[in-house]
Amino acid sequence: MGLAIIVSALRSLRHPFGRGLEEPTKIALHQNRSTALLQSLIHIIPVGIALWEIVLNIHTYYVGSSALNLVYYQLGAKAHEIMIHASLAAVVLSYFRHQLTTAGGIPFGALFGTLAINQVSYLWSMEFWGSVGSKHLPFRRKLAMMVLVSICFILAAASGPASAILLVPRLDYWPAGSTNIWLNASFNDIWPDRYVS
Amino acid sequence: MVPEYCAESHEFVISNECPSSEWQFIQDYATILANAVPQHLSGTELEISGPRHSQLSGKNSHRQFAAVRKWFSSDEDINPIIMTGRASTTQQAAISDALEVTAKLWENAISSADSRGGHGSIPFDHQIAAHSISDDYFQPYTIATCIIDTILGSDDQRPLAIPITAGINYGADQSSLSYLGFANSSLPKELGHSTLIEAPAIEYPSIVRAGLHQLPGPKSNTRVEWFELPRNLFANSSIGVVILLPSNLPVSKRSESTTNMLVCNVAAGWGNSVLNATTFRGSMSATSSLVIIDDLVLPRGKSELLADSVISPFQSLNDIDISFFMPFFPSKPVGISKKWAEYLNPWIPASNLTLIDSLVKNLPWNNTHQIPLESLGELILSSLVTNGLARVGFNSQLQGNLRWTGDGEERRPNGKLWYSGKGDVFTVDTEESKNWVKLRVNSVLKGYAYNCNGTPPKVAVAFLLTYCTLAIAHYFYSGISGMDKAEANNI
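Respectively, the protein sequence lines represent chains A and B.
Numbering of the first sequence is given in our numbering, commencing with residue 20 and proceeding in unit increments.
Numbering of the second sequence is given in our numbering, commencing with residue 65 and proceeding in unit increments.
It is possible that some hints are incorrect.
Derived list of chain A stretches under chain B, where covered just means 3 residues or more per stretch with a C-beta under 8 Å from a C-beta of chain B [said to hold, decoys possible]:
#1 64-75
#2 103-110
Label-pair ranges, simulated between beta-carbon atoms [claimed, not checked]:
#3 B:Asp92 <-> A:Ser85: 50 to 56 Å
#4 B:Ala71 <-> A:Pro194: 27 to 33 Å
#5 B:Asn172 <-> A:Ala105: 49 to 55 Å
#6 B:Asp200 <-> A:Ile170: 51 to 57 Å
#7 A:Ile170 <-> B:Arg467: 51 to 57 Å
#8 B:Val523 <-> A:Val166: 19 to 25 Å
#9 A:Leu87 <-> B:Gly518: 17 to 23 Å
#10 A:Leu94 <-> B:Arg345: 26 to 32 Å
#11 B:Asn517 <-> A:Thr54: 43 to 49 Å
#12 A:Asn199 <-> B:Glu72: 36 to 42 Å
#13 B:Gln119 <-> A:Leu94: 44 to 50 Å
Derived by calculation from the structure, the hints in this document are not laboratory data.
Heads up, the beta-carbon is just placed ideally off N, CA and C, and yes, glycines get one too.
This is chain B alone, in the form it adopts within the complex (with noise of 0.2 Å):
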């Protein structure tokens, strides 16, 4: 249950199990995107890419947050269709807190550690290591995708047209869906990319623009309204969002009549990733994922690598693009109803407007004319959902007892049955936590290290012990034989 008091927000930095905790950082995310051309370099062919990660608290941990623009185009050799929509994950807040602790512990059980069971000693000022969880860890992976659109006055009876969001297979037949375009609009054509990628979509007779132009607000605000989506038409969507934008935005011309909007179309499931912490002389990193996929086969047996396949504990996000294709991956789609997606925008009474007005009205808009709208209203979106959704379960925390080695100041958590693997270093009671949620951490050192994994050390091990065998021979023949040869030296 989200507490009542998230329908509120504070204007400053805080991290709790509020859907929008922490939402300042799309705030920066935003600017940073729109500013990072100058106005004077910028041009319509320019595509700008915005920062790869930004930094999430939990409550003991930090993570990263990460966005990426994703294109997808369909099969068609002529004319293909070309779908857009910004993808985000983040690690999931009360898990990146339980592998952060668990580091912590781990750190401290290393001077309990000795030199046997062949692991040799680890001085403890040359440590790299790295923590991971790869089995049954899931993480929200969230794409939304936006169009701008117009209400013509209050008599707009057309249904509202929603697109279908990019990355998601409908299986159907998609050039039959009705296209959109930047029709009677009065916002200045450059900051959409509907003129130049137009954007399947679907209308959805239950909801008209004549009832959007009533929402509650003044018309200088941003009006949000959320609504769930028809599971039949819309397939693993899980939430649509009107956003009436403000009348007096700085680059719209006037108009009484012309109200325009952002309609979005928002997707998210859990993915199975790989969470990451490492730990460098005691100091803590920010967790990472991974995203593992196996090769694909796509519908019409067209087959596709998304992601690379590496499980490399301290490979960075950088190196990996975020993957989304459903119903692949995510695969776990999740649905997300109208009230708790009210808790995505809340109010934030120190500057009297909500969540998504402030963002909203914050944006460069000097420099916005070189980012379409859409994806802004994508970026927004596809943000919100994803940390609202990392925060669920948000107060859970690491359970049970740990295994002590030592006496009084010596007391240290059991390393070496930590390093052995062959032990749990935590005990809990076995009925209490029958339900609870349960994880392998598994820790690596990164490092100089001897030993034969692979081939060559394997090898070479071959060619010294032969040549080990043939000289211990030869001397056990010279003690055997006894034959001294000095003389033959000087013959």
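So here's chain A without its partners, still in its complex pose (with noise of 0.2 Å):
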């Protein structure tokens, strides 16, 4: 009786504390292709950033003989570093989240990847190695951690640069023709080895 008691208070705290001691069952995952679609547009615009600079820079393109100030470049590629690394920890999460609810969880540890995407040291981290360790995990799904995690964590510390070196315009010689021309006189009229007068 007297825990009774106690769950009826409990019951009339729900609101402000929670949900109280009753949650109705959720599912946690959804198969709904558009939805899951909306969801990974996250990569559309540092993707689209990323291949209009590599296309411009194959098909070079002559800015003139000056730019702008290159700080506006600079944080350019700042930005589009970001959403690069937003974009691959939307991978990294989407890869965990599928290991634990699909194939038969992770190590701790390794959820903490996402949250350290910026940062290239977590590939010598406890969290990684501790996780890649893990006497719990087959061979083949660690290495497939390992490869992705290692891959990804790569590309977010490499996309600042990759993208400032080709959004930045370089000061180069950029090949502007050539032609023949000849000039109505032989080779020994203008350089003759010997000038007698």
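Bring the two chains, given one by one in their own frames, into a single complex with the hints.
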């Protein structure tokens, strides 16, 4: 009876303190392509910018003898880097979520990977190597996790400099054509071995 | 052939095919060199270097003349022989003119170039362009070495001692050559470096000093005698010169018997170079040139880098020394006849003097004590010969018909063809142009550009492509699997 009184009292405090002791069952994952694609739109802008930078540099483009203040290009590259980090974090998070829900789970330390996407030092941290060295993971899953996480972290670290290199125009010599020309004189007329008079 | 009217020179600056044309720049150069340091700050230990460039003209171009004092030392560790000379060079006038015309036509052709072909747009008001000729282009390089010597009257039967030119590898044991000092000269010793640097010279028995004493003209004038040098004794030398100095120079002591003279050896050759012209927003700069020399092996197995091997079209002559070490560079020596050399010393009717006489007498003698007299002589001769050789072929011109594009007011040289570099903008008759000089002009734009030149952009592209592949793969995975993770955030 005393326990029932306590439960009744706590039930009245359900709203200020959360949902109380009774929580309806929730569905963790839905299968809805439209929603999934919409949530993956986080990739669109950084990928679009990256492809634009790649095409611009491969096809070459001459800006001129002067360019904008280089600070603006650096700011743009930094914003692009942040977007790439978010994109890669979504990839890593998606992988871990898949492992958690359908593949039998992952070591606890692996969950920190998504939070540390902008820190390449995660690759030699205890959390990462503890996860990779876990005895509860089969070898294939360990390998897959190590490869994917390593690639994502290296890409995250390199994305900023790579974007800056391609976004900041370089002061360079740009081939602008060539042609033969002729002068109405022979080689000896202009450069004789001996000039007599 | 040099026109006969080149035997006289106008007092005003005129640029034409006469070898002595625009000689006034030598006057300016020598004056600036002599006045380089105020008298009260000068000292015998100071090595005064003159202005690096003067400007010369062609028919439609400006060229840069450069001169520098060169020092050469023999290999001996003890008492090495030190030789000096004044080296100079300038761009070949006819080629400089042709390059400038080509550059101006290129500017016109820009507007017909479009954004296809991977070149992007080229805003006209944002251009620094450089045009260069690197293959088969030569220009004159001259070095002159002079010594002060004397003629002791009309009975002086001593043979003339001619200095061997600095910058020429004679291959012989140079310690066996006779030396000359400043003996018996009535000039103050401070005027010459001969007391400090003994110049090796060869006694040439065919010319006796007494004969030079009888050169026509008053002794109060500078008298000049050119003579061709035998190849067996003076390999790679172009011509020798004796300059009898006026007896009434402000700095010389009066002497009835002693005649002071400069004896000079001039060597000239055609050196392979890169000719450059730059344009900026429609205006042309003077043409300039660079020397490209790889590591050369000197005799006795000793290697020496004589010049930087940089082809940058925007690098000025200030960064590169004038190289001269025959027979390596310049590689094509040129001989000069006495008859042609006399056109270097024409008569100037306005001043009633010859050119060299005018130059000698108009030197700032109050300040010349800080510049060795032989150095001034080297400057005059080296400059005259370089300037004269650069005007060879002066009247030759750019030939051919242009390939045009557009009609009426829109008609312009075919810029698209030009930029592609896959065809010639000029068309010439094959038969007529068989013996013509043919040169290749390469153009570059300096400015900010996006391209994949070099390793860093390629590495950056690789990283971003990898990221794009990963992100797109994830996007398709999401679409195929359709796994919506929204509720997972609320657990």
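The hints, checked one at a time:
no. : hint                              : verdict
1   : 64-75                             : holds (count 7)
2   : 103-110                           : holds (count 5)
3   : B:Asp92 <-> A:Ser85: 50 to 56 Å   : violated (36 Å)
4   : B:Ala71 <-> A:Pro194: 27 to 33 Å  : violated (48 Å)
5   : B:Asn172 <-> A:Ala105: 49 to 55 Å : holds (50 Å)
6   : B:Asp200 <-> A:Ile170: 51 to 57 Å : holds (53 Å)
7   : A:Ile170 <-> B:Arg467: 51 to 57 Å : holds (52 Å)
8   : B:Val523 <-> A:Val166: 19 to 25 Å : holds (21 Å)
9   : A:Leu87 <-> B:Gly518: 17 to 23 Å  : holds (22 Å)
10  : A:Leu94 <-> B:Arg345: 26 to 32 Å  : holds (30 Å)
11  : B:Asn517 <-> A:Thr54: 43 to 49 Å  : holds (45 Å)
12  : A:Asn199 <-> B:Glu72: 36 to 42 Å  : holds (39 Å)
13  : B:Gln119 <-> A:Leu94: 44 to 50 Å  : holds (45 Å)
Hint compliance for this structure: hints 3, 4 are broken, all remaining hints hold.
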